[in-house]
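J.: Protein sequence lines, in the order shown, are assigned to chains L and D.
Read left to right, the first sequence gives residues 1 to 113 (my numbering).
Read left to right, the second sequence gives residues 1 to 113 (my numbering).
No wet-lab data here; the hints were simulated from the structure.
C-beta: ideal position from N, C-alpha, C; glycine also.
Keep in mind that a hint or two might mislead.
[As the list claims (entries may be wrong)] Straight-line C-alpha distance at most 20 Å; calculated SDA-like pairs for lysine to any residue:
no., chain 1, residue 1, chain 2, residue 2
1, L, K42, D, A106
2, D, K57, L, D99
3, L, K105, D, S58
4, L, K57, L, D79
5, D, K42, L, S10
[Said to hold, decoys possible] If you want a taste of the chain L side facing chain D, the calculated C-beta under 7 Å gives, among others:
no., residue
6, K42
7, G43
8, P44
9, L46
10, D98
11, K100
12, K105
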Amino acid sequence: QQQVKQSPQSLIVQKGGISIINCAYENTAFDYFPWYQQFPGKGPALLIAIRPDVSEKKEGRFTISFNKSAKQFSLHIMDSQPGDSATYFCAAREDFRDDKIIFGKGTRLHILP
Amino acid sequence: EPEVTQTPSHQVTQMGQEVILRCVPISNHLYFYWYRQILGQKVEFLVSFYNNEISEKSEIFDDQFSVERPDGSNFTLKIRSTKLEDSAMYFCASMGPGKNIQYFGAGTRLSVL
Numbered sequence: 001q002q003q004v005k006q007s008p009q010s011l012i013v014q015k016g017g018i019s020i021i022n023c024a025y026e027n028t029a030f031d032y033f034p035w036y037q038q039f040p041g042k043g044p045a046l047l048i049a050i051r052p053d054v055s056e057k058k059e060g061r062f063t064i065s066f067n068k069s070a071k072q073f074s075l076h077i078m079d080s081q082p083g084d085s086a087t088y089f090c091a092a093r094e095d096f097r098d099d100k101i102i103f104g105k106g107t108r109l110h111i112l113p
Numbered sequence: 001e002p003e004v005t006q007t008p009s010h011q012v013t014q015m016g017q018e019v020i021l022r023c024v025p026i027s028n029h030l031y032f033y034w035y036r037q038i039l040g041q042k043v044e045f046l047v048s049f050y051n052n053e054i055s056e057k058s059e060i061f062d063d064q065f066s067v068e069r070p071d072g073s074n075f076t077l078k079i080r081s082t083k084l085e086d087s088a089m090y091f092c093a094s095m096g097p098g099k100n101i102q103y104f105g106a107g108t109r110l111s112v113l
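For reference, chain D alone in the conformation it holds in the complex (with noise of 0.2 Å):
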């Protein structure tokens, strides 16, 4: 079955540093997502991407967060200057063209230390 593969499983940071979390959405997938869950709390939807420009973003994903599909395949969230906050599991999902179920990856734990 197809998935969305997501990269690293784990990334440790120090405050301040540039982060960029990687996703491999399913490929025939045209809708993009980027949502986290902090530890113990609820998944948060961050940003929707369609058609190589965001379609929708929530009030936490502000200046320091961007998002890119750089060659088609990948699709990448970038955090310019970390913060402790930030520390969360990052998920990434995507939706196919009938617009019906986002399929989630298995996350990127960051530690921003």
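So that you can see chain L by itself, here it is in the shape it has in the complex (with noise of 0.2 Å):
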């Protein structure tokens, strides 16, 4: 019920393509979905966030697509470049309840030059 389920493992794209990772939650009580960017060696650094209210959300080339009906929800980066190059991570979290933060897995995205 608390998991965050993460997919995939691991993801390659060419330079300039488009990098989709998707998440399903079973929690209907989450209610804030931030996405997180870490660098070898490095904290998780938060990259975008949406509530369920809103069914996409954009920043730059980083762009969430939310569907609260089939409880998933993706991070597609646009014009991936080699600096993109990172472990992303899908979370969520019960806004009113609690603080802590539920992680997926994470993935290796690793972008080709």
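These two chains come separately, so use the hints to put the complex back together.
T.: Given below as structure tokens:
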């Protein structure tokens, strides 16, 4: 119930291509869905986040698509660049009940130059 | 940009020894967290701390773990008697009064031999 399932585990994309990472959840009490980016030797850093009252949020080349009825959300990275190579975690939080972030298992993204 | 600082970056200890991991959260933040990431696995919530007391803890956070904010700036995680399975990256995070974004430190890699 508390899990966030993430796929794929790893992803290789050509420079300029679109990277897509998918996540699914069960707990309908989740009401905040952040994506974190982690570079080697660094902590997770918030990339973009969405609440379930909107179906899409775009910030630059990064877009979250959210399907509330399917309990799924995805991250799209347009025009992927080698500097985007990192591990990406989807996550969820129950804002009103507690603050803890439930992370997915992560996707290792490698952008080929 | 303000950041969460963690020390040491790497801690090696013998099984059964006590370790203290240190964190300096962002200065005006009120909510503090510890997470851990076993190598190759997802980031897992350990404990949240607010107003000088634990708000929530996971089942991982057993009697061997404790947290403290000793002086108004540092936030520490103590493991009383380390086990081999405590080897992981430990991340500290903090969040401001608006309860929006959790900022993560770069982590302390704990290696228990």
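J.: Run every hint past the structure and note whether it holds.
T.: Verification of the supplied hints:
1. K42/L x A106/D: holds, 4 Å
2. K57/D x D99/L: holds, 11 Å
3. K105/L x S58/D: Holds, at roughly 18 Å.
4. K57/L x D79/L: holds, 17 Å
5. K42/D x S10/L: Holds: K42/D and S10/L sit about 14 Å apart, inside 20 Å.
6. K42: Holds: closest Cβ of chain D sits about 5 Å from K42/L, inside 7 Å.
7. G43: Constraint on G43/L satisfied, holds at 3 Å.
8. P44: At 5 Å from the nearest chain D Cβ, P44/L passes the 7 Å test, so the hint holds.
9. L46: Because about 5 Å separates L46/L from the closest Cβ in chain D, which is inside the 7 Å limit, the hint holds.
10. D98: holds, 5 Å
11. K100: holds, 4 Å
12. K105: holds, 4 Å
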